[in-house]
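A.B. asks: Between the sequences and the hints, there should be enough to build the whole structure, so can you do that?
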Amino acid sequence: MSALGEARPQPAPTGRSLGSIRRSFAPWADPAEVPLIEFARVSKRFGSFAAVSELDLAIYRREFHALLGPSGCGKSTLLRMLAGFEEPTSGEVRLDGQTLNGIPPHKRPVNMMFQSYALFPHMSVEKNVEFGLKQDGMARSERADRVAEMLKLVKLEPFRSRKPAQLSGGQQQRVALARSLAKRPKVLLLDEPLGALDKKLREETQFELMDLQQSLGLTFLIVTHDQEEAMTMADRISVMREGRIAQVGTPETVYEAPASRYVAEFVGGVNILSGTVAERRGDRVRLTVPGGIIEADVPVGSRLQTGSPAVFAVRPEKLRIARHAPADPGVNAFRGEVWDIAYLGDMTLFNARLPGGEILKAATVNAARASAEPLGYEEEVWLTFAPDAGVVLPE
Amino acid sequence: MGGARGWSPFNIVSVVVGFAFLYIPIVLLVVFSFNASRLVTVWTGFSTQWYAALLANQQLLDAAFVTLRIGLISASLATVLGTLAAMALTRYARFRGRLLFSGMIYAPLVMPEVITGLSLLLLFVAVGLDRGFWTVTLAHVTFTMCFVTVVVQSRLVSLDRSLEEAAQDLGCPPWKSFLVVTLPLIWPAVAAGWMLAFTLSLDDLVIASFTSGPSSTTLPMRIYSQVRLGVTPEINAISTILIGIVTFGVVVSAVLTKRGAVRRARDERLAAEG
Chain P
0 MSALGEARPQ PAPTGRSLGS IRRSFAPWAD PAEVPLIEFA RVSKRFGSFA
50 AVSELDLAIY RREFHALLGP SGCGKSTLLR MLAGFEEPTS GEVRLDGQTL
100 NGIPPHKRPV NMMFQSYALF PHMSVEKNVE FGLKQDGMAR SERADRVAEM
150 LKLVKLEPFR SRKPAQLSGG QQQRVALARS LAKRPKVLLL DEPLGALDKK
200 LREETQFELM DLQQSLGLTF LIVTHDQEEA MTMADRISVM REGRIAQVGT
250 PETVYEAPAS RYVAEFVGGV NILSGTVAER RGDRVRLTVP GGIIEADVPV
300 GSRLQTGSPA VFAVRPEKLR IARHAPADPG VNAFRGEVWD IAYLGDMTLF
350 NARLPGGEIL KAATVNAARA SAEPLGYEEE VWLTFAPDAG VVLPE
Chain U
0 MGGARGWSPF NIVSVVVGFA FLYIPIVLLV VFSFNASRLV TVWTGFSTQW
50 YAALLANQQL LDAAFVTLRI GLISASLATV LGTLAAMALT RYARFRGRLL
100 FSGMIYAPLV MPEVITGLSL LLLFVAVGLD RGFWTVTLAH VTFTMCFVTV
150 VVQSRLVSLD RSLEEAAQDL GCPPWKSFLV VTLPLIWPAV AAGWMLAFTL
200 SLDDLVIASF TSGPSSTTLP MRIYSQVRLG VTPEINAIST ILIGIVTFGV
250 VVSAVLTKRG AVRRARDERL AAEG
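Heads up: the sequence lines are chains P and U, in that order. Residues in the first sequence are numbered consecutively from 0, following numbering that gives the first Met the number 0. Residues in the second sequence are numbered consecutively from 0, following numbering that gives the first Met the number 0.
Careful, some of the hints might be misleading.
Stated by the list, open to error - No farther apart than 25 Å at their CA atoms in a straight line, the calculated lysine-lysine pairs in the BS3-like style are these:
| id | chain 1 | residue 1 | chain 2 | residue 2 |
| --- | --- | --- | --- | --- |
| 1 | U | Lys175 | P | Lys133 |
| 2 | P | Lys199 | P | Lys133 |
| 3 | P | Lys126 | U | Lys175 |
| 4 | P | Lys106 | U | Lys257 |
What the hints contain is simulated information worked out from the structure, not anything from laboratory work. Keep in mind it's a predicted model, so treat the numbers as computed, not measured.
C.D. replies: Printed below as a string of structure tokens:
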């Protein structure tokens, strides 16, 4: 990637690893920072179906942002409104402070990588990459240089004169990427870009996309239904539901502090325990749930009060599963029996059945090659967790 | 039943009978165009004299020339209009009155030719248009463009919509993305539509009879009027030439289609090899 340095529009600071750049990158936390992309109370209706409802979202320069949600949640519509293929029914889409409403797709300084790649089948790889530059009226020699640079970037130089149909799926994906990056768009929109690749290639490509985004200093907006993909690549994730944003945050926030039961259940595995607040003391609540009592931390501003219904959401890997009863079995400890075991190699998932019939999922990391006394089916176990292991959410 | 050994007597009989039913009349016509005798039903020997006689028959030649010109112009106009209609029907799926529009495009497909011809005649009379070359041409555009629409539309439906979007996304205005992306990809269908329109125009008798004037007698009209006075081997000869032209068109379009399939197969092989 270093050969590209000269051509970068905004070269990344040198001498620091990508990780350290990523950690310090948080423009959304800075009130002085101006967003690059803004959706302001944007709605889009198709007939009687509301694809997007009064949505607000700000995305910042050089951010890798993921729109995550099930199909039909409006994430693709949002992307297409930015590209110009759909006009908002109401509200405004802004880029760099300028409204995009009413501007046709071919006049917008954003480019899109399509889910189907949409490579022009009658043009060679080279011509595909050159297409956008030609529309801008760029000089021939400059065009040739840019195409060569792009093909080098995606390592497709030997295939420059091939037609798209003569390439494998992974190579086609790279051509699509090179073509959409060739014009140096202000924002690159990616619509399920890795959906057609097999798992191994998809994982490799995820890291390549991240490196590319960092080294080119571009803003990426990706649409995906794959939460792992979003977590791997994105600086921030917008979890969407029925045309609205359920939560925006870093992968850590969305995973560890989901704002609602929907987000908790959509992103990753989770145990949900429904109950009522028995007592609230400062930032600590006691919940009574079927089969026990939970003591959990809540944020200071939480509006949970004694008597209000609430759910406790805790990730399987936060539960400790053991044969022996803990010292204080009254709180945050559940007795059950092993109901199902899924050995995944790196970790093992246990489904433990509580006396009331509820199932709790616990995951253990297989740090050693073999356990001396592995847990077996129908064995009695204790599941315990810390007060800060999960989150208390309104029902 | 698959494979060459799967031919049962029933299959053989049905294929032979079917093809005989279709082609015996045509074969007879072609054979007798090379007959030395003036009598159309008695074979006396091989001769090409009727083809030579054709060249001397100014009336037939004039009619053939008129037909050819009408065919070329009407097929070209019908192809432009039919392709645009197909674009409108496939690409702008949500406009008001789409169902009515598509129904109206397809109506001429099933409309009896007599009615199409008669209504066009009434229209031309009403607007005071003198019947002649251009009225026949317009009439042919009217009844052939729906066939073009059907052919082109079936191709457009299978064309990835995002190709045009990608072109626009890369800075290409819609009209240009149609010319540089859509048209190059659908041209075999457009060409096939043109061929179909040309063939339909070439052999139309009914609509031309209603809409033509004194100076614009088409070949089918000329042949029909001559046959009423008795079939001559000259007619067989001109018909054989017509069959030749149509066969050529069909073979060319089949080869174009086949070539596309062969190329796709080769591309897939190359892609698999990496």
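A.B. asks: Confirm or reject each hint.
C.D. replies: Hint by hint, here is what the structure shows:
{"no.": "1", "hint": "U/Lys175 with P/Lys133", "in the structure": "12 Å, holds"}
{"no.": "2", "hint": "P/Lys199 with P/Lys133", "in the structure": "35 Å, violated"}
{"no.": "3", "hint": "P/Lys126 with U/Lys175", "in the structure": "16 Å, holds"}
{"no.": "4", "hint": "P/Lys106 with U/Lys257", "in the structure": "39 Å, violated"}
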